[in-house]
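As given, the protein sequences belong to chains A and B, one line each in that order.
For the first sequence, position 213 matches number 213 in the working numbering, and the numbering has no gaps at all.
For the second sequence, position 76 matches number 76 in the working numbering, and the numbering has no gaps at all.
Hints may be right or wrong, so weigh each one.
Here are the in silico distance ranges between beta carbons for each label pair [as the list claims (entries may be wrong)]:
| # | chain 1 | residue 1 | chain 2 | residue 2 | range |
| --- | --- | --- | --- | --- | --- |
| 1 | B | Trp26 | A | Ser60 | 20 to 28 angstroms |
| 2 | A | Leu58 | B | Thr49 | 43 to 51 angstroms |
| 3 | A | Ala99 | B | Ala60 | 22 to 30 angstroms |
| 4 | B | Arg43 | A | Leu232 | 27 to 35 angstroms |
| 5 | B | Thr49 | A | Gln2 | 51 to 59 angstroms |
| 6 | B | Leu23 | A | Val5 | 46 to 54 angstroms |
If you only want the chain B side, here are some residues facing chain A, beta carbon under 10 angstroms, derived [what the hints assert, rightly or not]:
| # | residue |
| --- | --- |
| 7 | Thr5 |
| 8 | Leu7 |
| 9 | Gly17 |
| 10 | Ala19 |
| 11 | Val51 |
| 12 | Asp56 |
| 13 | Val85 |
| 14 | Leu88 |
Not the full set, but computed from the structure, chain A residues with beta-carbon under 8 angstroms of chain B [as the list claims (entries may be wrong)]:
| # | residue |
| --- | --- |
| 15 | Leu76 |
| 16 | Leu130 |
| 17 | Pro155 |
| 18 | Gly173 |
| 19 | Phe190 |
| 20 | Leu192 |
| 21 | Ala195 |
Don't read these hints as lab results, they were simulated from the structure.
Treat the numbers as computed from the prediction; the structure is a model and nothing was measured.
Ideal Cβ positions, reconstructed from N, Cα and C, are used throughout, including at glycine.
So the chains spell out like this:
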Amino acid sequence: MQDFVQLWVYLSTTPLFGLTATVVAYVIAHAVYQHLGQAPWANPVLWTVVTLAVLLTLSSTPYPTYFSGAQFIHFLLGPAVVAMAWPLWQRRAEVRQRAGPILVAALVGGAAASISAVAIGWALGLPADLLRSLAPKSVTAPVAMGIAEQLGGIPALAAVFAVLTGLVGAVSGKYLFDAMDRLTPQVRGFALGTASHGIGAARALQEHPDAGAYAGLALGIQVLLSALLMPLVARWL
Amino acid sequence: MQTLTGLAWLLLCQSAGEAVVRLLHWRLPGPVIGMVLLLVLLRWPVVRTAVAACADALLAHLSLLFVPVGVGVMTHLGVLSEYGVRLLLALVLSTWIGLAVTAWVLRALLRPPATPARGPESENP
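Work out the full structure, taking the sequences as your base and the hints as a guide.
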């Protein structure tokens with residue numbers, strides 16, 4: 001028993017622990033998700049995060065210790081944002097042809113998500129630094145952190161809000177779209193990518209390949225629009 | 001090897017993006033500039049074949065990459081419990097508004113020229 005405790009103390013402080021726990025928990029959560037026929041509420045990101053948070057709390061492992069291993073996965077978010085150029089390039093002809101509608105939908109939808117978040121938060125009396133961290137919540141986490149920093153928000157909170165927003169879209173988007181009439185996979189995917197970034201895009205990809213491609217496109221456009229426009233808009237306020 | 005070459009291109013674009021942002025004091029995240037740069041570089045087949053292999057693999061497991069940040073929610077339980085219901089309301093409602101408005105606008109604008117009857121084969125490679 002004593003040996004086991006010492007082994008655990010050793011393992012849980014090396015980067016190997018965070019990395020292994022993340023990948024193993026995700027693989028299991030993803031298998032369960034597949035087994036349940038990709039039910040939206042069984043979202044693998046949601047359950048991996050819950051499992052790991054419970055595991056870390058029960059073993060009283062501090063988050064920085066976990067992150068020393070998980071950072072190797074976290075780092076790949078940067079190259080993943082760069083890689084969004086690929087689905088965009090693949091559909092360039094279609095995108096060029098539909099450029100007008102796509103840009104207008106991205107601009108109006110992105111603005112609606114961001115403004116409504118700040119407006120609802122303001123109406124409910126949330127403090128200013130939380131509101132500034134809420135504004136970029138529809139953009140993928142690493143970009144949201146950068147924008148929140150420029151807006152005077154809290155980058156770490158912005159990342160948390162972005163992840164929660166992604167989960168809300170991935171888990172509940174299907175029901176919302178089913179309630180709306182006649183939406184093509186392209187439109188559903190584009191909406192998920194615009195309002196729920198990468199986590200929504202991952203969900204769209206599982207629903208339909210066209211939905212996935214449009215979600216990737218939407219998320220790329222949203223990254224560009226928010227990074228360009230949000231600091232400009234914030235300067236007027 | 002193609003996947004590795006692709007990763008090299010992605011990292012080079014990201015590094016170039018970071019360099020441009022730092023040098024020119026742009027208020028943009030480095031990877032975003034990297035994405036625009038890669039969009040230009042994809043004209044060349046050499047870049048394209050390598051990047052395709054890597055980007056598909058990376059984007060297929062995109063949701064895994066959000067797990068470390070997601071677990072970070074536990075370090076902010078203080079703020080989340082203090083403003084819990086109000087934050088949740090703002091997050092959930094605004095996400096639904098964003099989803100509905102985007103879907104509604106795009107559906108309205110695409111309806112005249114493009115009919116959904118064309119199906120999946122209408123996709124451009």
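Hint check:
1. Trp26/B to Ser60/A: 20 to 28 angstroms: violated (42 angstroms)
2. Leu58/A to Thr49/B: 43 to 51 angstroms: holds (47 angstroms)
3. Ala99/A to Ala60/B: 22 to 30 angstroms: holds (27 angstroms)
4. Arg43/B to Leu232/A: 27 to 35 angstroms: Roughly 30 angstroms apart at Cβ, these two residues keep to the hinted range, so it holds.
5. Thr49/B to Gln2/A: 51 to 59 angstroms: Given range 51 to 59 angstroms: holds, Cβ gap about 55 angstroms.
6. Leu23/B to Val5/A: 46 to 54 angstroms: Holds, at about 52 angstroms.
7. Thr5: Interface hint status for Thr5/B: violated (13 angstroms vs cutoff 10 angstroms).
8. Leu7: Cβ of Leu7/B sits 7 angstroms from chain A, so the hint holds.
9. Gly17: holds (7 angstroms)
10. Ala19: violated (14 angstroms)
11. Val51: holds (6 angstroms)
12. Asp56: holds (7 angstroms)
13. Val85: holds (9 angstroms)
14. Leu88: With Cβ-Cβ at 8 angstroms, under 10 angstroms, it holds.
15. Leu76: holds (5 angstroms)
16. Leu130: holds (7 angstroms)
17. Pro155: Check failed: Cβ of Pro155/A comes no nearer than 11 angstroms to chain B, outside 8 angstroms.
18. Gly173: Hint on Gly173/A: holds, closest Cβ of chain B at ~6 angstroms, below 8 angstroms.
19. Phe190: holds (6 angstroms)
20. Leu192: Since the shortest Cβ distance to chain B is 7 angstroms, the answer is holds.
21. Ala195: holds (3 angstroms)
Checked against the numbered hints given earlier, this structure breaks hints 1, 7, 10 and 17; the rest are met.
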